[in-house]
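Asks: Residue numbers for the sequence shown follow UniProt numbering, beginning at 1 and rising by one.
FYI, nobody ran anything at the bench for these hints, they're computed from the structure. Possibly wrong hints are sitting among the right ones.
Claimed, not checked - In silico lysine to aspartate or glutamate, EDC-like type, Cα no more than 16 Å apart, as pairs: (1) Lys67 <-> Asp153; (2) Lys92 <-> Glu288; (3) Lys244 <-> Asp64; (4) Lys92 <-> Asp153; (5) Lys270 <-> Asp115; (6) Lys156 <-> Glu75; (7) Lys244 <-> Asp128; (8) Lys270 <-> Asp128.
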Amino acid sequence: MSGLALAASLLVSACASTSESASSASPASPMSPAATVSSPATAEAVPEIRPGVLAGYLGRELPDSLKLLPAPPKEGSAAFRQDQAVSRASQKLRGTARDSQATSDADLSFPHVADAFSCALGVPVSQDQSPRLYQLLRRTLTDAGLSTYAAKDHYKRTRPFVFYKEGTCAPNDEAALRNDGSYPSGHTSIGWIWALVLTQVAPDRADALLARGRSFGESRLVCNAHWQSDILAGRTIASGTYAKLQSNTTFQADVAAASQEVQSLRASGKTPSVNCSAEAAALAIPIEGVL
Numbered sequence: 001m002s003g004l005a006l007a008a009s010l011l012v013s014a015c016a017s018t019s020e021s022a023s024s025a026s027p028a029s030p031m032s033p034a035a036t037v038s039s040p041a042t043a044e045a046v047p048e049i050r051p052g053v054l055a056g057y058l059g060r061e062l063p064d065s066l067k068l069l070p071a072p073p074k075e076g077s078a079a080f081r082q083d084q085a086v087s088r089a090s091q092k093l094r095g096t097a098r099d100s101q102a103t104s105d106a107d108l109s110f111p112h113v114a115d116a117f118s119c120a121l122g123v124p125v126s127q128d129q130s131p132r133l134y135q136l137l138r139r140t141l142t143d144a145g146l147s148t149y150a151a152k153d154h155y156k157r158t159r160p161f162v163f164y165k166e167g168t169c170a171p172n173d174e175a176a177l178r179n180d181g182s183y184p185s186g187h188t189s190i191g192w193i194w195a196l197v198l199t200q201v202a203p204d205r206a207d208a209l210l211a212r213g214r215s216f217g218e219s220r221l222v223c224n225a226h227w228q229s230d231i232l233a234g235r236t237i238a239s240g241t242y243a244k245l246q247s248n249t250t251f252q253a254d255v256a257a258a259s260q261e262v263q264s265l266r267a268s269g270k271t272p273s274v275n276c277s278a279e280a281a282a283l284a285i286p287i288e289g290v291l
């Protein structure tokens, strides 16, 4: 399978689980009249590149991750030994609340993942209540995920669970992940670009959003799916993708519309539907050695 095709399939961690969201979240459906918060402007219909996966904003204008990143650490190097130390430390957290959070973060399917940043944002995120924000997250997921594949396909780095002959927090994804390069981390790129985009939507929540973006990527350590250097590289690619988005007028219009939705949700007193106290407690558990 080509890198682009594999990327599209992995952008949603379990494609079968997207059938419900794909049927209820067609490109035009975010503008459904049933939405409880009116969208400030009408969004154009967005095509799907796979069932449940919307086309991104950048198309062929994605950053080249192979040009942006150095080669991953070589086995036996000091940098690789650091990766190994963090990997082994992170596996001590399996079975804890941090592991449960990492398992949740591994699932990129919508509507599940829409709420991943709702505690940090302070409002719920859903297709009904914030359709433009929901669509913004879906489209930037595609851009951030696909931006990692030039380097992924070139380096074809072995993932830690394969290296150590272990498992991950998402057993159903392991067959695909074995043949998908570890460097850089696509999940991290997605989580970090969401953090950056959401700080543009709600600047007053920047600290909480950026902290959540960091923890979202670090969940891949606990899941045994990535090395720490994969995580750091994923943030770099997300930052490059975010920079490219700043000159995209459609993206900017969607950010403005999403910001109005967040303000409306705040004014109406809406609060996240997830257990934010439990999330905070889980994310407060440190991962030894993380830079």
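Asks: Each hint should be assessed against the structure and marked as holding or not.
Replies: Hint check results:
1. Distance restraint check for lysine 67 and aspartate 153: the Cα-Cα separation of roughly 13 Å lies within the 16 Å cut-off, and the hinted pair is therefore satisfied.
2. Under the criterion of a C-alpha separation no larger than 16 Å, the hint pairing lysine 92 with glutamate 288 is consistent with the structure, at around 9 Å.
3. Distance restraint check for lysine 244 and aspartate 64: the Cα-Cα separation of roughly 11 Å lies within the 16 Å cut-off, and the hinted pair is therefore satisfied.
4. Distance restraint check for lysine 92 and aspartate 153: the Cα-Cα separation of roughly 30 Å exceeds the 16 Å cut-off, and the hinted pair is therefore not satisfied.
5. Taking the CA atoms of lysine 270 and aspartate 115, the gap is about 13 Å. The hint holds against a cut of 16 Å.
6. In summary, the hint linking lysine 156 to glutamate 75 is supported, as the alpha carbons are separated by about 14 Å, within the 16 Å threshold.
7. With a CA separation close to 29 Å, the supplied pair lysine 244 and aspartate 128 exceeds the 16 Å bound.
8. With a C-alpha separation of about 13 Å, the suggested pairing of lysine 270 with aspartate 128 holds against the 16 Å cut-off.
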